[in-house]
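Protein sequence lines, in the order shown, are assigned to chains G and Z.
Start counting the first sequence at 196; every next residue gets the next number (the working numbering).
Start counting the second sequence at 34; every next residue gets the next number (the working numbering).
Just so you know, the hints here were simulated from the structure itself, not pulled from any lab data.
Idealized CB from N, CA, C, for every residue including glycine.
Hints may be right or wrong, so weigh each one.
[Stated by the list, open to error] With a Cα cut of at most 16 Å, we get these calculated EDC-like pairs of lysine to aspartate or glutamate: (1) K91/Z with D284/G; (2) K91/Z with E361/G; (3) K91/Z with E364/G.
[Unchecked claim] FRET-style restraints, in silico, Cβ to Cβ: (4) G254/G with Q97/Z: 34 to 42 Å; (5) T620/G with I90/Z: 19 to 27 Å; (6) V57/Z with G397/G: 43 to 51 Å; (7) A456/G with N49/Z: 42 to 50 Å; (8) A615/G with P77/Z: 31 to 39 Å; (9) Q97/Z with R419/G: 42 to 50 Å; (10) E94/Z with S343/G: 18 to 26 Å.
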Amino acid sequence: MISAKMDDIMEKAHPDETESLCPVCLKRIKATRLLRGNEVFLIKKCGEHGSFKTVIWRGQPSMSEWQRPKDPIHPDLCYGAVEKGCPYDCGLCAAHEQLPCSVLLEVTDRCNLHCAVCFADSGHGGGEDPSLEKISWLLERAMAAAGSCNLQLSGGEPTLRDDLPEIVEIAQRIGYSFIQVNTNGFRLAADRDYARRLLGTGLSSVFLQFDGVDDAIYRSLRGRALLDQKLQAVKSCGEIGLGVVLVPTLVRGVNTDSIGAMVRQALQLVPTVRGIHFQPISYFGRFPGQSNDEGRFTLPELMRCLEEQTGGLVKVSDFSPPGCEHAHCSFHATYMYSAEGGLIRIGGTEGDSCCSTDPLPGGVRRTVETVSRRWTLPSATPFFRSPPLSKETSCCGRSSRDATRVEAPLDLDVFLGEIATRSFTMSAMAFQDADNLDLERLRGCCISVISPDGMLVPFCAYNLTSREGKGLYRRRNGLELQ
Amino acid sequence: MTEVAKSGSDSGWICNRCKAPVEVQTVRLQYLKTIFALHLPACPRCGMILIDEDMAIKMAEAEQALEDK
């Protein structure tokens with residue numbers, strides 16, 4: 196029975212109906228997104244296990260304005276058949292509403308860290324690494340269904356495989372256009388030849404786990420001091436020309452006060468570092484101290500922290516919802532970061548919604564007819580002179596150069612010359628767990644995990660764990676051989 | 034395009050509408066939310082801006098670089 200209090204809340208709700216799962220038994224149940232004050236909650240009830248209420252969005256920008264509607268597009272080749280309905284038929288199934296832009300393959304379950312925050316439940320001694328032949332089969336199968344999308348090689352810790360360069364080569368041959376490795380960076384820091392081999396066989400980017408600039412954070416999240424190794428990993432990649440994206444896992448109270456420091460550190464490492472991609476922690480049932488609203492750190496809170504903690508170097512208004520996945524899954528902004536330390540926002544969606552027809556609020560519009568109607572004369576914009584910049588002193592992330600926000604118009608030649616090497620993307624992705632899962636978001640997912648039996652499963656469905664430790668798709672003890 | 038005609042002299046283009054020689058000006062042009070400052074020939078009377086082929090190619094490159102995923 197819903198308690199009287201819950202009944203009261205539901206009656207006052209602005210109904211926003213969706214579906215979720217019971218976090219105890221993983222049965223599909225109805226759910227409602229409810230705005231109370233400036234917080235949005237996901238409220239749901241299981242006939243057997245009672246009512247659940249989880250915060251999903253706190254404050255500005257509001258959840259209702261954070262939209263980027265997309266027409267559903269269903270996969271052509273589906274390895275899953277629609278039978279029980281979402282989320283039980285993944286493969287993908289024909290009811291999925293987005294094509295993958297990225298597929299992820301766990302090439303090993305072994306790991307040389309044992310992080311409590313691991314979503315992959317790695318390092319518990321499950322099974323052997325899949326053979327190159329098996330990997331080839333999985334990658335071909337995924338390519339047939341998903342097309343030439345991005346490939347993420349993950350684990351466990353993928354660099355524990357000596358043959359990772361061969362895996363990259365296989366992926367290249369099969370036709371993946373962009374190949375990244377998700378890694379803690381230890382081997383890249385220590386083994387320059389290995390890093391070179393990875394680059395040589397076609398690795399495009401390194402997504403480096405990077406939780407902060409203070410070793411207390413690493414001790415807390417990862418079990419030991421790691422900052423030097425992380426910076427060394429970036430240095431090694433830089434020396435051979437391999438781009439890096441820093442990937443912090445954010446845990447409230449551990450490193451959420453270090454967000455600004457992480458951004459400034461990342462900028463000091465441009466152009467080796469191409470971006471920073473934040474991941475607020477999700478409760479996949481394995482992080483100690485069960486999920487509660489207090490610990491959750493929602494996307495708008497992160498956006499506001501980015502502005503506050505960088506002193507306005509970045510602004511909430513810089514960020515846009517994604518064009519690929521569901522709007523509530525992420526945000527991003529792209530910048531150019533000059534050698535002198537000027538950070539300039541570039542790109543961005545026109546107007547407040549994708550349906551805006553007038554990119555220029557007010558002002559006179561004149562189009563450049565010989566090129567494109569989308570180029571316009573901007574409305575009167577104050578011209579900010581860049582403040583005097585301090586000189587860059589040393590390399591290796593110890594520069595005294597301060598990053599400064601620049602709002603001045605760009606020189607086109609300078610832009611074209613630098614955009615390839617000096618762009619910097621700031622982004623974040625909020626993964627879903629059994630408490631906050633919204634099936635509408637899941638159906639819009641564009642990141643599929645390639646399971647050991649060759650199915651494509653949306654990332655959050657694959658990693659989801661009930662309060663009893665059960666998953667929908669991930670087998671408990673790591674990869675299985677065919 | 035018939036708005037701009039080449040003048041007889043070697044000094045450059047004339048705005049066909051205004052019959053005035055174009056002058057190089059600093060023009061601000063916006064694509065999506067990014068503003069560029071460009072030095073382009075423009076008519077001092079009606080504001081018509083001349084984009085030649087080389088410039089058009091550069092702007093097309095910039096469009097590609099800026100387009101959001």
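Hints, verified against the model:
{"no.": "1", "hint": "K91/Z with D284/G", "verdict": "48 Å, violated"}
{"no.": "2", "hint": "K91/Z with E361/G", "verdict": "39 Å, violated"}
{"no.": "3", "hint": "K91/Z with E364/G", "verdict": "34 Å, violated"}
{"no.": "4", "hint": "G254/G with Q97/Z: 34 to 42 Å", "verdict": "35 Å, holds"}
{"no.": "5", "hint": "T620/G with I90/Z: 19 to 27 Å", "verdict": "26 Å, holds"}
{"no.": "6", "hint": "V57/Z with G397/G: 43 to 51 Å", "verdict": "45 Å, holds"}
{"no.": "7", "hint": "A456/G with N49/Z: 42 to 50 Å", "verdict": "58 Å, violated"}
{"no.": "8", "hint": "A615/G with P77/Z: 31 to 39 Å", "verdict": "36 Å, holds"}
{"no.": "9", "hint": "Q97/Z with R419/G: 42 to 50 Å", "verdict": "44 Å, holds"}
{"no.": "10", "hint": "E94/Z with S343/G: 18 to 26 Å", "verdict": "23 Å, holds"}
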